[in-house]
Amino acid sequence: MNTTINTLAVKISHLQFSWPGQTPLIKDLSLALDAGESLFISGPSGCGKSTLLNILAGVIPVQEGKIWIHGRLLSELSNTAKDQLRGEEMGFIFQQFNLIPYLSVTDNILLPTYLYPKRLHAAVAQHGSVTHALQYLVDRLGLSQSLLQQAAHQLSIGQQQRVAAARAFIGKPSIVIADEPTSSLDWNNQSQLMDLFLGLADEQNTALMMVSHDERLSPRFDHTLAVNQWATEC
Amino acid sequence: MLIWLRIAIQSALARRGALLIMVLSTAISVAILLGVFKIRDDTKTSFSNAISGVDLVVGAKGSPTELILYSVFHIGRASNTIPASLEKTLVDLRQVAWVVPVQLGDSYRNYPVVGTSIDFFKRVKAQGRHLQLVQGSALNDPHLFDVVLGHTVAKNTQHRIGEQIAISHGSGSGPKQDHSNSPFRIIGILEANGTPIDNAVFISTNAFDALHDIADSGLQFARLNPDSQASAFFIGLKDRGSVFSVRRQIDSLPNSLMAVMPGVALDELWSSMEIAENALLLIALGVLITTILGITATLLVSLESRRRELAIFRAVGAKPYQLLSLILAEAFMVCVIGILLGWSLLQLIILTTNDHLRKEWGVVSEPSLPNIHDGLALLYLVLVVLISASIPAIKAYRMALSEGLNPPS
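Top line first, the protein sequences correspond to chains A and C. Heads up: the first sequence is residues 0 to 233, going by numbering that gives the first Met the number 0. Heads up: the second sequence is residues 0 to 408, going by numbering that gives the first Met the number 0.
The set of hints was computed from the structure by calculation and includes no laboratory data. Ideal Cβ placement from N, Cα and C applies to all residues, glycine included. Everything hinted at is true.
What the simulated footprint calls covered on chain A by chain C, stretch by stretch (three residues with Cβ under 8 angstroms from a Cβ of chain C suffice, anywhere in the stretch; the number is not a length): (1) 77-85; (2) 108-115.
Below are the EDC-like pairs computed for lysine to aspartate or glutamate, each with C-alpha atoms no more than 20 angstroms apart in a straight line: (3) C/K358 <-> C/D40; (4) C/K318 <-> A/E75; (5) A/K65 <-> A/D33; (6) C/K87 <-> C/D226; (7) C/K318 <-> A/E87.
Partner residues are not named here, just some residues of chain A that face chain C (Cβ under 8 angstroms, in silico): (8) F91; (9) N97; (10) I99; (11) P100; (12) Y101; (13) L102.
Starting from the given sequences, assemble the full structure and let the hints guide the process.
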C-alpha cells in the first residue's frame, strides 16, 4: 500500500467533510492521481470545489478519511510541515490576482525557488541553471523575454496567468492546483493556455488538478470528477 | 533572509505614498516627544543656571528658598536685611575670592532696582555666560548716579544710552517717592540672557543708599547712611571644594546669617514645580500613545490592501514567521526612519530658534544627541510599535492562505 501511495502525486481515501451543523459537503470521496496525470473537477458553485482545494492545500484540516500528497499523509503533518509540503511539492494558479504586483516577472516566477532550495535544485537539475529554467518556461508559455524585468502589475490578465503558471511549474512540483485559471479569458485564449498547462504538466511529470465551470475543457484531461459524484447537495 | 529584505524594500517602495505619511507622522510625534523632554530638561537646567559663577548666596537667617527668590529672581522681599559692612567680614574669610552686595527694595516703572558693586558685572554669570553689554559700559564709578538697564527694561521702556531716568524709592503697590530732581543717567544696556537680570535696573550701592537718604535738593552721596543695609551677598570662592566649610563659617557668624548654595536651592525650588513637570510628561505620554496607535492603525489599513499579496506568499510556501517578519520589518523601518527624521527635525528647530529661546524665554537649548532617557523612550516606542504591529501581522498570517485560495469575487 505504502509503495503505491509513494508513487502517486495525490491519493484521497474516503474523504468526508461538513461545516459545523450542516449536512456533509463532501461525502466519501476517493481518488488517486499519478505523477503527470491530469484531473478536471467541474460543477456549480457552492458545492465544495474550493473546500476540496483548501483541504488539499492543508488550509482546512481533514475531518474524516485520508489524503496523501506525494506520499505524505496530510493529517499527520504539522502546520510548518504543511507549509513546506506546499512550497516544495505544490504549485497554485488562482482565478485572478496571482502575482505580487510590485515584483518583476522574474521575481514572481522564481519566488518558490527563493523560498525552497528543493525547487531551486529541481529547476537547475532540469534545465542546467535557474536562468535557463526561467527562460524555458517563459518561452514555453508564450511570454516575451522582454517582459522579465517588468513589474507584474504592468502585464495584461492573460500575461499574468501565464506568469502564474510559470511560477506554479518551476522547480517541478508534484502537483499543480489550478482554480479556474482561465475563466477571465476568451475561449481561444482559454483553450490555448489549457494546452500549455497540460503540455508542461506532461513534460515535468507533474499532476494537474483543475477546477472549472467550463465543461468544454474536460476532454483534454486524463480524469474528470463531477461534483455530484461526491457532493451530497449538488 | 536577503530576499525578504529585498521584498520588504520593494513592497515599501510600491506603497511609498502611504508609508511616507506614516514616516512623517512618526517623525512629527518623535519630534514632539523629544521636544517635550528637551524643553523639560533645558528649562530645568536654565532655571538652575539663572545665576551661575556664584558659590554661595548670603542673607539674613530664614528660608533659603525665599532668599533665592528675592536675591536672584527679585520676587517678594527680604524679611530682614543685613549690614552692608559685613562685606568686609566675608571678604576676610580665607577661602572667599570675591563678594558682591545686592540691595533690593526700590524700583523703576515696576522693574526692580538692584544696588550692587562694579564686580557684579565681572563676576556674576547668567546661563553660564558672563554678562555682556549691547551698548555702553557697566557701572564704573560708585560715586555717580549711573544706571545700567537689563535688556527687557531697555526694550520695553525704549530708553537709550545717555537718557536720564528717575528711580522711585519703594516697590510694589506701596507708597513710592519719585526722585525726578535727581535723575540717573543710563550708561549701559545689557544683552538679553533670559534670566531675571533682563528685568532689572542696576545702580551702585552708594547710589542705592542715597535713595534712602533724601535731601530736598535731591540725592546726595555726602549724606550716605553709615549703617547701610544689604539684602544679600553673592560670594565666589577660591576653591569650590571649600563651599561647605565656608557655609559653616558664615552660619556661625554672630550676625544671624545664612549661606545658601544657589544650585541646591534652585533645584529644591524646581522640585516644587513638579506639577508642571508632570504635565509635560503627561503630554509626552499622550504623544507617545498617539504615535503608537497611529502606526498600528496605518498598518492595519495597509494590511487590507496587502491581503492578496500575503496570500500569494503563503500559497508558494512562505512560513508564518516570514510573513510576520515582513510586516514587522516594515513597521521597524518606518519607526526607525521616523525617529531619525523626527530627531533631525527637532535639532533643526533648536538650531534655528535657540537664540530666540534664550533671549525671550530664558531657556538655553543646544542641538544634542539623545540622552539616556530619550534613548529609553525611543526604545519603548520601537518595542511597543513592534508589539502593536504584530497584531496586524498575526491577522495577516491567519487569513493569508485561505484568502489566497478563495479570492474575493
